[in-house]
Amino acid sequence: MSTDVKNQQFIVSVSPHVRDEESIARIMWTVNFSLLPAFIMAVYYFGPKAVYVTGLCILTAVLSERIFQKGMNKKVTSTDGSAFLTGLLLGMNLPPNVPFYIPIVGSFVAIIITKMLFGGLGYNIFNPALIGRAFLLLTWPKLMTKWHEPTAQFLGLDAKTTATPLGILKEEGLTKLIEHFGDKASLYKSLLFGSTAGSLGETSAIALLIGAAILFYKKYITWHIPFSFLATVALTAWIFGGKGGLFTGDPVIHLLSGGMMLGAFFMATDYVTCPTIRKGQIIFGIGCGAITMLIRLKGGFPEGVMFAILLMNCFAPLIDRNVKPKQFGAVKEKKK
Amino acid sequence: MSNSATFERGIHPKYNKELSSGKPVSAVKLPQRIVVPLSQHIGAPAKCEVKIGDEVKKGQVIGSPSGFVSSPVHSSISGKVVAIADFPTAIGRLVPSVVIESDGKDEAIAFRENPAYMNLSADEIKALIKEAGIVGMGGAAFPTNVKLSPPKEKPIDTVILNGAECEPYLTADHRLMVERPKEVIEGLKIIMKALGVNEGHVGIEENKPDALAAMKSAASGESNIKIHSLEIKYPQGAEKMLIKAIKNREVPSKGLPMDVSVVVQNIGTALAIYEAVRYGKPLIERVVTVTGNGIKEPRNMMVRIGTLLSDVIEQCGGLVEGAVKVISGGPMMGFAQWSLDVPVTKGTSGILVLTEIEYVASDEYFPCIRCGRCVDVCPIGLNPSMLSILAEKGFYEEAKQYNLFDCFECGSCAYVCPAKRPMVQFMRLAKSQVKP
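Quick note, the sequences are listed as chains A and B, same order. Here the working numbering is used: the first residue of the first sequence is 1, the next is one more, and so on. Here the working numbering is used: the first residue of the second sequence is 1, the next is one more, and so on.
Keep in mind that the hints are not guaranteed to be accurate.
Among chain A residues calculated to face chain B with C-beta under 10 Å, some are [said to hold, decoys possible]: (1) 190; (2) 222; (3) 316.
Taking beta-carbon pairs under 7 Å as the criterion, some of the chain B residues facing chain A (in silico) [what the hints assert, rightly or not]: (4) 250; (5) 366; (6) 370; (7) 375; (8) 380; (9) 414.
In silico DSSO-like pairs for lysine-lysine, Cα to Cα no more than 30 Å straight-line [unchecked claim]: (10) B:254 with A:279; (11) B:281 with A:219; (12) B:182 with B:126; (13) B:254 with B:182; (14) A:219 with B:182; (15) B:14 with A:219; (16) A:75 with B:393; (17) B:17 with B:420; (18) A:218 with B:182; (19) B:281 with B:216; (20) A:298 with A:243; (21) A:219 with A:326; (22) B:420 with A:324.
Hints listed in this document are in silico derivations from the structure and should not be mistaken for laboratory results. Using N, Cα and C, we set each Cβ at its ideal position, and we do this for glycine too.
Same shape as in the complex, but just chain A (with noise of 0.2 Å):
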């Protein structure tokens, strides 16, 4: 026997022996990455307050996961971009105009109650930066709905308040919203870009699909989900979203308008809160979409997203439950 080999150690595991270079990791740090346009975009609107707010979701987000895992003395995984991720959606998902405690009370929310008491990554129910985004505004409702015309104020000065695209339509109808962009073709046009009033990392659609191709590129997340989503939300719209009558309704404003965009590419697509087999997807994304279109045509609130996404979250497990994927040699019950 030979000598050399008589004395090395080898690992001993269990198949298979070679794995794929994908990590938990690296996808986060991917789906960070993507959101770069959009929080470009939103630095261009609103100004440095963007990178305040943002900043400040982001160093919660991450500390305060670091701190609860070495408390309660577990493996801190607080730099596998998970809870920076949590962190910078919470941000995109804020007014510019908030005030300091808005985002770490946010984040706080966000990670230690959504996602570490329910065991951390993989066992929380609900998506952690909705939930943080849903407790804010149900506890300052003045503050969450305080909205900016997009004009960067690098000089500090407040810029002038203003409602949402979404929020003129409730309160106002579709001709004034219309008259407050000049004309329909302008109104488009600032949706698609993102010269308007809304949350920081939500108005620029362009920027998000810029993201959300670079997911779909990666294969990080599938066509499954935005677009059941986007396309219940568009058919509803053009159904009943019009006030003369059925088949009346512009589904392009509310496809652009609101947390739309970054809801249905974003956060819907959560892995841990969404189905994990593909036609469940599609149901769930159906279920996104109604539920969605019922707040902004019948709801008190001018936007739904956030509350249909979160809805949704709770029958995720539902539906994996009872949503099997196609099974090799499914056995058709035989006569005997």
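Since the structure of chain A is provided, determine the placement of chain B on it from the hints.
Leaving out everything else, chain B in the frame of chain A:
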């Protein structure tokens, strides 16, 4: 065959076959000592027929079958029996084994030849196959004569030879198809004769154009044998996937290939069958791919059954610095070895040595984030995510409801898992805790 056949889902790992695919099968020098386990197959272990001090010849029976699902074992060298004791095998179990020390003469017993082998009856063929100790050489090592004797209520109409060789790195079947295609085809014809079947197929992944060409030319005169080009995708060589790709039949859940009237055999097995029936040669050697970046000179070798891994590796130049993992079989379903003092058996298709660079540490894993990658790749259409969570938490009965026992542990789910979860381990754990 313009469109390469395949199955749904599956994965695309790096194949790394170029390390050894161009290396012709070479002989190993006569080992000084061999360790022949009496159980190298699924089923009852063979009964030992020798005692310490006995002189044996190459090809002599040293263990005889002890039941219907059992197989004899033979000595692969001539020499003296020096020990009969429990020795570790590549799958980690201790197995009663016969240790034979070579006399250096390599004398063989007389083999009974059958020049007119195609005139033999099905029963005569099966008897010769059983006598030769032939078992499935793809890894599972199920006694071949049993596989060729399906119960009456399961008529067989098709034989498929598995030339997919979808395990990364391995090139043993590839080389056989390139170097000895005629004999492989003869083996297939013998199998078809034994089963009374008129339809034969060979499925080969399209990354082996030389094998495809050689097999096509070898089968050119055979109107009832078809050579198929298959898509490069793991686990294309799993029986169920192969049958789906070639015959578009789905083996039912919990069922066997014979439930859809098909018998699948490995390329190496077909060659061994030919040699057994034509020349009366027992299964005492096989092609082993010795490969991986941890091996100095990767190659394909004709290795005698019972040769220790250390002897084989030594003849390939030994290990390189940084070799960390030795695997018996392929990287997807093979077994990691803690020692090189285990023998090559009838089911050993490869010896793979990985270095720090190829080997991705998997000792640390994270909770499932339910990304669904495993669901997207599972060839059987299971929900591995759910199964792993249920197994992790001890809900074994519930796991059974999710078709746990249809899992054949191909490892595709573990391969893609970004949380690096030991999926195959979870499946085995759950399977060991409940009855099928």
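Tested hints:
1. 190: 35 Å, violated
2. 222: 8 Å, holds
3. 316: The hint holds - residue 316 of chain A has a Cβ within 10 Å of chain B, the shortest such distance being about 9 Å.
4. 250: Holds, about 4 Å.
5. 366: Because about 6 Å separates residue 366 of chain B from the closest Cβ in chain A, which is inside the 7 Å limit, the hint holds.
6. 370: 5 Å, holds
7. 375: Given a least distance of 5 Å, the restraint on residue 375 of chain B holds.
8. 380: Given a least distance of 5 Å, the restraint on residue 380 of chain B holds.
9. 414: 5 Å, holds
10. B:254 with A:279: At roughly 25 Å apart (the allowed maximum being 30 Å), residue 279 of chain A and residue 254 of chain B satisfy the hint.
11. B:281 with A:219: Measuring from Cα to Cα gives roughly 52 Å; hence the hint is violated.
12. B:182 with B:126: Holds: residue 182 of chain B and residue 126 of chain B sit about 21 Å apart, inside 30 Å.
13. B:254 with B:182: Given pair residue 254 of chain B, residue 182 of chain B is violated - Cα atoms ~35 Å apart, limit 30 Å.
14. A:219 with B:182: This hinted pair is violated, its Cα atoms lying about 44 Å apart.
15. B:14 with A:219: Holds, at roughly 18 Å.
16. A:75 with B:393: 19 Å, holds
17. B:17 with B:420: Holds. Residue 17 of chain B to residue 420 of chain B sits at ~25 Å (cutoff 30 Å).
18. A:218 with B:182: Given that 30 Å is the threshold and the Cα spacing comes to 45 Å, the pair is violated.
19. B:281 with B:216: Distance of about 26 Å is within 30 Å: holds.
20. A:298 with A:243: Holds, at about 13 Å.
21. A:219 with A:326: 21 Å, holds
22. B:420 with A:324: 24 Å, holds
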